[in-house]
Each structure stands twice: as structure tokens, then as C-alpha cells.
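Chemist: Take 22 as the starting number for the sequence shown in the working numbering and just add one per residue.
Hints in this document: simulated from the structure, not taken from any laboratory.
On a predicted model such as this, the values are computed, not experimentally measured, just so you know.
Possibly wrong hints are sitting among the right ones.
Calculated lysine-lysine pairs in the DSBU-like style (CA-CA distance at most 30 Å, straight line) [unchecked claim]:
#1 K436 to K45
#2 K525 to K766
#3 K525 to K208
#4 K128 to K110
#5 K766 to K644
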Amino acid sequence: MKFTLSWLKEHLDTIATVDGLADKLTMIGLEVEGIEDLTKDFAPFRIAHVVSAEPHPNADRLRVCMVDAGDGDPVQVVCGAPNARAGMKGVFAPAGTHVPGTGVDLKKGVIRGVESNGMLLSERELGLSDDHDGIVDLPDDAPVGTPYADYAGLDDPVIDIAVTPNRPDALGVSGVARDLAAAGEGKAIEHPVEPVKGEGACPVTVTLDFGDTEPLCPAFGLRLVRGVKNGPSPEWLQRRLRSVGLRPINALVDITNFITYDRCRPLHVFDAAKVSGNLVVRRARDGEEILALDGKTYTLDPEICVIADDRGIESLAGIMGGEESGCTEETVDVLIESALWEPLNIAHTGRRLGVQSDARHRFERGVDPAFMIPGLEMATRMVLELCGGTPSEIFVAGEVPQPATVIDFPVAEVKRLSGIDPSVSDVTRILEDLGFACKPHRTEGSVVVSVPTWRPDVAIKADLVEEVVRIIGVDRVPVTPLRRSPGSQRPVLTTLQTRTRGAKRALAARGMVEAVTWSFISSRQAEAFGGGKPELILANPIAADMSDMRPSLLPGLIAAAQRNADRGFDDLAVFEVGQVYRGDGPTDQDTAAAGLRRGTAGVDGGGRHWSGKADPVSIFDAKADAFALLESLGLSTDKVQVTADAPAWFHPGRSGTIRQGPKTVIGAFGEIHPRVLEELDVSGPLVGFEIVLEAIPVPKARATKTRPPLALSDLQPVRRDFAFVLDRAVEAAAVLRAAQGADRKLIAGVSVFDRFESAALGADKKSLAIEVTLQPTEKTLTDEEIDATAGKIVAAVEKATGGTLRA
Numbered sequence: 022m023k024f025t026l027s028w029l030k031e032h033l034d035t036i037a038t039v040d041g042l043a044d045k046l047t048m049i050g051l052e053v054e055g056i057e058d059l060t061k062d063f064a065p066f067r068i069a070h071v072v073s074a075e076p077h078p079n080a081d082r083l084r085v086c087m088v089d090a091g092d093g094d095p096v097q098v099v100c101g102a103p104n105a106r107a108g109m110k111g112v113f114a115p116a117g118t119h120v121p122g123t124g125v126d127l128k129k130g131v132i133r134g135v136e137s138n139g140m141l142l143s144e145r146e147l148g149l150s151d152d153h154d155g156i157v158d159l160p161d162d163a164p165v166g167t168p169y170a171d172y173a174g175l176d177d178p179v180i181d182i183a184v185t186p187n188r189p190d191a192l193g194v195s196g197v198a199r200d201l202a203a204a205g206e207g208k209a210i211e212h213p214v215e216p217v218k219g220e221g222a223c224p225v226t227v228t229l230d231f232g233d234t235e236p237l238c239p240a241f242g243l244r245l246v247r248g249v250k251n252g253p254s255p256e257w258l259q260r261r262l263r264s265v266g267l268r269p270i271n272a273l274v275d276i277t278n279f280i281t282y283d284r285c286r287p288l289h290v291f292d293a294a295k296v297s298g299n300l301v302v303r304r305a306r307d308g309e310e311i312l313a314l315d316g317k318t319y320t321l322d323p324e325i326c327v328i329a330d331d332r333g334i335e336s337l338a339g340i341m342g343g344e345e346s347g348c349t350e351e352t353v354d355v356l357i358e359s360a361l362w363e364p365l366n367i368a369h370t371g372r373r374l375g376v377q378s379d380a381r382h383r384f385e386r387g388v389d390p391a392f393m394i395p396g397l398e399m400a401t402r403m404v405l406e407l408c409g410g411t412p413s414e415i416f417v418a419g420e421v422p423q424p425a426t427v428i429d430f431p432v433a434e435v436k437r438l439s440g441i442d443p444s445v446s447d448v449t450r451i452l453e454d455l456g457f458a459c460k461p462h463r464t465e466g467s468v469v470v471s472v473p474t475w476r477p478d479v480a481i482k483a484d485l486v487e488e489v490v491r492i493i494g495v496d497r498v499p500v501t502p503l504r505r506s507p508g509s510q511r512p513v514l515t516t517l518q519t520r521t522r523g524a525k526r527a528l529a530a531r532g533m534v535e536a537v538t539w540s541f542i543s544s545r546q547a548e549a550f551g552g553g554k555p556e557l558i559l560a561n562p563i564a565a566d567m568s569d570m571r572p573s574l575l576p577g578l579i580a581a582a583q584r585n586a587d588r589g590f591d592d593l594a595v596f597e598v599g600q601v602y603r604g605d606g607p608t609d610q611d612t613a614a615a616g617l618r619r620g621t622a623g624v625d626g627g628g629r630h631w632s633g634k635a636d637p638v639s640i641f642d643a644k645a646d647a648f649a650l651l652e653s654l655g656l657s658t659d660k661v662q663v664t665a666d667a668p669a670w671f672h673p674g675r676s677g678t679i680r681q682g683p684k685t686v687i688g689a690f691g692e693i694h695p696r697v698l699e700e701l702d703v704s705g706p707l708v709g710f711e712i713v714l715e716a717i718p719v720p721k722a723r724a725t726k727t728r729p730p731l732a733l734s735d736l737q738p739v740r741r742d743f744a745f746v747l748d749r750a751v752e753a754a755a756v757l758r759a760a761q762g763a764d765r766k767l768i769a770g771v772s773v774f775d776r777f778e779s780a781a782l783g784a785d786k787k788s789l790a791i792e793v794t795l796q797p798t799e800k801t802l803t804d805e806e807i808d809a810t811a812g813k814i815v816a817a818v819e820k821a822t823g824g825t826l827r828a
């Protein structure tokens, strides 16, 4: 909501500065978003006299002007405006100033060999309009040397406030002035609206025809004014509309726009000659269309309220008029409409059609019903003053509602809810200044409050407390510390919430970028990742390729990676933490964390480098990501097993399933199957993982105890290598588990360092070499003790795997 300081002062007698008013507005809940003061922007610009204007010696369309800005020392300016001439008055900007309309900082320069020391400005360069056909041509009596802002009346700051949806009364300058007066910033100036005597009945009647459906228009007022002379509105009105960002159109339309902003009373004017018969307010019929004043054609349905005549629809009720019945300079007879509309229907219609207008903005929040007829009288008087004419009497269809909200208000509620303790007289004064009517209650310390018709948001005692507190000042609310519960603070977040946040931090720390993808995917993607169940198909999808709820996060990440690759970003590492769906039951939704790497974006980095070509991503990158995530969430990877039965969308032999025990599946990782890439029309290489956060076991609560100090041995560790000949199907994990279990006290680590296959080993055989680290803690191991432990390791592996020690 925008208004100028002078406009505000027509409703508020105040001596406050614009900065003081801005501070007070913010304190009472009407936050000031900005103040536009053209006086500061236009300070360098002066009214100047063009002493001479000679043709440029090197350019046919340029003139060399000598310009006197009032200091008696003319300066030379090169000007290309077609209307530049000797003897005219214009607006001069000297070198070194900023031109607001173009954003250019003027500098002294040379144009086609001739020096130029400033600029004669057009309205576009001043930022006043889009007109740049010529420079500003002022009247001959314009005083040379006077600041242009003072001469043009631009020394009027524009205040822009944010109005919350519950304050429709603040969408009019009069409502803002009322609040400021109640807050002690001046005295409200009343402008009572005197009725205009009409001559004869209005020849056009209105019917509210909603049949058996819910009525969308409680009341409709209409008046005909004959013999008007439409044309440009006076300069004061045009200037006022421009200041709030509105384009002046003609006097009749400008009057309705002015009253919309001045009193929060949207109106509409019809050219009576273009209206056929009487008006009917009804629901639109399926397929009906209207060419609106914004130049767009809208197709309507029965959920939309319209104003129609015998020919068809003339207006989108409460939102925008139609082009066919709009007023022009040829309009002689005008119908002025002032009506009330159902706010929720206005909001639905505006959203459905995508129409924004000042009328919609106010009607969907609720306008003052009591001002429907006075608003029509005010518009009539302005039309008579600016355009002349003869008015008819007012025709009213329906009945104007008379809301009468009365609240028994114990003043002690203010202290109970806010901590401020005002007196009954203070509360009464504040509410009455805001327009509420107060009478003493039979109970001492209470008042009976009647809510004004322009405040539909006030319905209960707490609303009155809010009104009193915002006027007194929220800075007066005492600071009260929150009560602390005894003992230490208990965790606020659930285990799943903690894991979700921890997973995002851990994966981001590994150089992966978080992505947020749709929960809906195509049926082809769903089937490729184990989904496609009938219960997960959407009944009304927003698009054909978003028909199924996702069974996995990987399809969305794969699609995102391919979109990036199509735009030249081949190496990508992304992750997502979100919901996946196994069915439509209450327990069929899980939270998963998934990551994807493409191209050469491996754990160790990727991309081109002078030292050589980077390796493509592999299964080990995905495994490292998955294991790092589990470690960050408190699950030791020593306690999990990796099996080869990964889901079908992973490459067999280049993937694995992470388990804790035979039944608990935590997730999977690996290279995406080439068949899946082909089905989804995606190029690789791609590796990824997916962990279900709920599947990670919750650690058991342990009694708090002091941890023992870290025990480090000062004895030299011993490393021994073993190579076993095994069946090709034997997993390396089985060898590692068996070797580790041979002597858990002495064996500190086991790792695989070689794998070898050859016909010399036998059919379907392989050699697997491991390194075992023995860490003594009490004394240095003897050869006999080392050999004994080695024997235990060989025996344990042979028993667990059926392999033999390789000679």
C-alpha cells in the first residue's frame, strides 16, 4: 500500500516528520517497506533556459545548446531531442549527476567532436513516465534556477507499507491516518460524505440471480450520471495516482482508482451506452468468455461471479471490468457501480484466472459494508465536480449487511496476555480513537465494545488486546524469561530428525551437493526401481511423467544428473534425504538418504587435470559414501556385513547390500545397471547408494560412566601375509571374519591386498591374499607365539571357507 505524505495529511493533522511517521507505522503493525523521496534524487536538477540551439557541425540530428541554469553562466550541451530549440524552458542535469530513469551517471564528454557538459532531460530520464520523444518542455513562466522537484510538486515523499491480510481497513489512506491518530501522531480529519440528490430513478436496474446456489453478492448499488464530459483528469489527481504506481487513464476511471486508495472502496464505471438492457449479477455459465480491461480473454465457469446484461458478460465481479463496456473520452452517460462481494469467492476466482487487481486485493480481504452507499455518493460528487452531468437516484439490489459484533471486554485481559497494565480510561480512549464504540459494563473494570464495520478481523477479547498493545507499543511489553525445567535439557528432536540432519551434514562434508527432487516419478522410472504398485499410482497426477509415488530416491537423482550432463556438467556428485514409498499403508513410508556420483566425480575428486586423466567413478566410491554415512550416524561399519544380493537396478557383481544380521537390510550401493540406464535414456558411468534411516538400529541406552583412558601399546606391531586358494564363489568378507576371529585379543586388523586367478590354481579357483596385524600389549612376541597365532588364523580360514593355504 503506497501513499504520499501530503495525501496522508489530508486525513491526519500532524506535524510529525516522514521518518517519525515511518517509525510509528512500523511499531503499530503497518511495517514500512520503503520511503521514496524524489526531492533527494532530483536535487541536482534545475529549471533551465535554452539560450541558443545551433545545428551540430558533424551530425544532422544533434543540436549544440547553450543552457542557463540560473547562475548566469551558460554551459554547452549537445542535445538530440527533436523539440530542443532556443528560448524554451527545460530540466537541466549537470555533469556528475545520476539520471534515475536510465541509471546513468553523467560525465563531461565529447560528442562528435563537440564538448557536452550535462543533459536536458525527458520524462523517461527523470523516471516520471515512458515518454522519451522529446525533452521536458516547461511553460514560459517557469522560474529559471528553481529546483525542478519543487516546481513540479515532486517534493512529496511516498511511503510504502506492508499490510497484513487481516487489516483491510489499512488499504485506504483514511484507515492508516486513523491508526496514526490513535497512536498519538496527530488528529484524524473527518471527511463526511454528503448525499447527492438524484433526479429521477435510475433507468438501469440490477437483479441478483443466484437461483438455489449460495449468493455471491449481498448488495449492489448503481447510479446513472447523464451528460458527463470525460477526458484527462486534473493534474493533482494524475500526480497522486502516479505517486502510487497507477497510470492515469481518464477522469472517470481515475476517480474510481482514487477512491479505492483513499477510502478502500473499489468501484467500477460502465459506459451506459454500451450496456444493453438491465444488469444481472449471477454465476457464469460453462464456456462463457470475457475480454477484460487488461486485454486478455478469460474462459469462465459457474464458480465465478459476473455482471451481465442482455448481450452477455460485462464484468468479472469484484475483480476487473470488461473491455466492451469500458469508459472512453467519448462516454456521455456513465453507470457507477458500488457493490459487496463474497470475499472467498473473489479470492478463488482471482487465483483460478490468475488475475491481479486493486479491487480483488481489497474485496478478498473484506471491505467496509457500511461504506458501500457513501462510496457511491463520494464517486458521484467527484464525477459532477470533474466531469459535470446530472445524476439519477441510487438503485440498490439486495440488502447491505449490518454486522454488529459486541464484546464484553475485561480490561485485565490486557495484563494477562501481554504484561502491560493500562487503566480502563486508557483502553477506552485507544479503542474509541480506532473507531470502536465503548460503554461501561455492569462489572467494574470491564467495557462493552462494539466493533466498527471496517474491522472484520476483530471478533474476540484477544483481538482487542492486540489492538491496545500495538497502539501502546510492543516495546512496552515486559521481558519475561522462560521458566527453566529442573535438571538438564532433554533432547527436542526425535531420532529420525537427528539422523536426517546428520545425514545431510555428513554427505555435504564429502563434497556432494544436496538436491530436492519430486516425490512423483514416471511409471517407467518406478518400475525400474521396484515400484509401480497400483496403490502408489496417483489418481490425478500433475503431469503424465509424474504418475507414481517414488519407491527410491535414485530415479530423481539420476534424472537430475542427466539434466546437468546435457548442459555440459558431466562430473557430478549429488545427494538427497527424503521420503520413499513402499505402499499406501501408514507404515509404508520411510526416510532414505541416497547419493549419486557421475563421470569422474569420485571420492578423491575428478575432472581434467594436467597430471593425467581422472578415473571414472566406481563401486568403491559408492561404498565409501555409504560407510561414511553410517559411521556419522553412529553405526560402526565393523558390525555390518556386505552381501552380493543387491537390488536389480544395481550391476550384479559391482554392488552390495548392507545388512546387520541376516534379516536387517540397511541399504545398498553399487554401479547402476546398464539395462536401467538404457531404459531411462541415461548415460553413465553412474554409481550410487541408498540407506534407509529407520533401518539403522537405535543404540541401546547405556548408563553414564567415565570412559577409560585411551590405551596405546608401545610395542612394535607384527604384520604377516597369508594367501589362500579358495573357490571363486567364496566372499572376501568370509575370509576377513574368520581371520579376525582367530584371536580377537591379539589381532588388531585384517585387510585384503591381492586377488589372483589362474588356470594353474584349478578350475573356478582364486587366490586371495590378506595382511594380518598383530599388536602385542604386554611383551614382545616370540617367533613361537607368532607361529602359533598364524596357525590359528590358517585353521580358522580353512574351516570357514574350505580353502587351503597357498604354497
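Chemist: Against this structure, judge whether each hint is valid.
Modeler: Hints versus structure:
| no. | hint | verdict |
| --- | --- | --- |
| 1 | K436 to K45 | holds (22 Å) |
| 2 | K525 to K766 | violated (37 Å) |
| 3 | K525 to K208 | violated (57 Å) |
| 4 | K128 to K110 | holds (22 Å) |
| 5 | K766 to K644 | holds (28 Å) |
The structure does not agree with the numbered hints 2 and 3 stated previously, though it agrees with the rest.
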